[in-house]
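Participant: The opening residue of the sequence shown carries number 0 in numbering that gives the first Met the number 0; numbering runs sequentially from there.
Hints in this document: simulated from the structure, not taken from any laboratory.
Where a beta carbon is used, it is the ideal one built from N, C-alpha and C, also for glycine.
There could be a bad hint or two in this list.
[Unchecked claim] For each label pair, taking beta carbons as the anchor points, the in silico distance ranges come out as:
1. P71 / T106: 21 to 29 angstroms
2. E188 / Y68: 22 to 30 angstroms
3. F112 / K157: 39 to 47 angstroms
4. Y68 / K142: 37 to 45 angstroms
5. E188 / P211: 28 to 36 angstroms
6. T191 / Q66: 16 to 24 angstroms
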Amino acid sequence: MSPSIARTFSSSRLKQVALCTGLAVLLLAGFSGSARAAATEAAAGPAITLKGTQTLTGRFTHEHPIQGYDKPMRSEGRFTVASDGRIVWTIEKPMATTTTITPDGLTQSVGNFTLLRLTPKQMPFLSEIQRSLLWALSGQWDKLKEDYDVKHFGAAEKWEVTITPKEIRQTAMPRPFRTLTARGGKFVENATVLLNNGVTDQVNFSQTMLTP
Numbered sequence: 000m001s002p003s004i005a006r007t008f009s010s011s012r013l014k015q016v017a018l019c020t021g022l023a024v025l026l027l028a029g030f031s032g033s034a035r036a037a038a039t040e041a042a043a044g045p046a047i048t049l050k051g052t053q054t055l056t057g058r059f060t061h062e063h064p065i066q067g068y069d070k071p072m073r074s075e076g077r078f079t080v081a082s083d084g085r086i087v088w089t090i091e092k093p094m095a096t097t098t099t100i101t102p103d104g105l106t107q108s109v110g111n112f113t114l115l116r117l118t119p120k121q122m123p124f125l126s127e128i129q130r131s132l133l134w135a136l137s138g139q140w141d142k143l144k145e146d147y148d149v150k151h152f153g154a155a156e157k158w159e160v161t162i163t164p165k166e167i168r169q170t171a172m173p174r175p176f177r178t179l180t181a182r183g184g185k186f187v188e189n190a191t192v193l194l195n196n197g198v199t200d201q202v203n204f205s206q207t208m209l210t211p
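Can you make the complete structure from the sequences, with help from the hints?
Facilitator: Here it is, written out as structure tokens:
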């Protein structure tokens, strides 16, 4: 793929990639939050380790407002977050598309047909996304705080986690969103994402489980 095509993808699809990653981080925050006695703003942040072949899986619905339409665009599907930092975000409706992020790069596919394949060299911010996710997987929230303000509220049975990108960031990746807030109990139940253009997305989660 030429550098110009990679730049075009970076500009048009960054929101989708960042959203998938941010939601994956918050899903992990929710899982670890359920295991703590309390999750207060003063807490040091969740600690979690997915071991071996363990994965976090579930389903989602995503609503994105469209200017000029009364109802938001709605998509639904399933997600997987693995212990090696692999993220799979599969949209089943309205159009089947799978986005996969691994240490080797990003792919987008429809069925067995690969629409797009990018390496970290073609899109440098992919390695930064991967690193941030691995920090979250290992509970290294202090490192995430170099680029994000992370706040926790509530108790284990009813909590809230908010991630806000800092204005001055150490990473070269553009600010992916204004704020990303998740709420839940044992697992994340819903997330509100305020995008840079002022649009607010809503994502609801269900059937979330840790396997095996």
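Participant: Given the hint of 39 to 47 angstroms, check if F112 and K157 actually sit that far apart at their C-beta atoms.
Facilitator: Since F112 and K157 have Cβ atoms about 43 angstroms apart, the given range 39 to 47 angstroms holds.
Participant: Go ahead and decide if the range 16 to 24 angstroms is satisfied by the Cβ distance of T191 to Q66.
Facilitator: holds, 19 angstroms
Participant: If I claimed the Cβ atoms of E188 and Y68 lie 22 to 30 angstroms apart, would that claim hold in this structure?
Facilitator: holds, 26 angstroms
Participant: Go ahead and decide if the range 21 to 29 angstroms is satisfied by the Cβ distance of P71 to T106.
Facilitator: Because 27 angstroms falls inside the window, the suggested range holds.
Participant: With respect to the beta-carbon atoms only, verify the hint that E188 and P211 lie 28 to 36 angstroms apart.
Facilitator: violated, 23 angstroms
Participant: Has the hinted range 37 to 45 angstroms been met by the Cβ atoms of Y68 and K142?
Facilitator: holds, 40 angstroms
Checked against the numbered hints above, the structure violates only hint 5.
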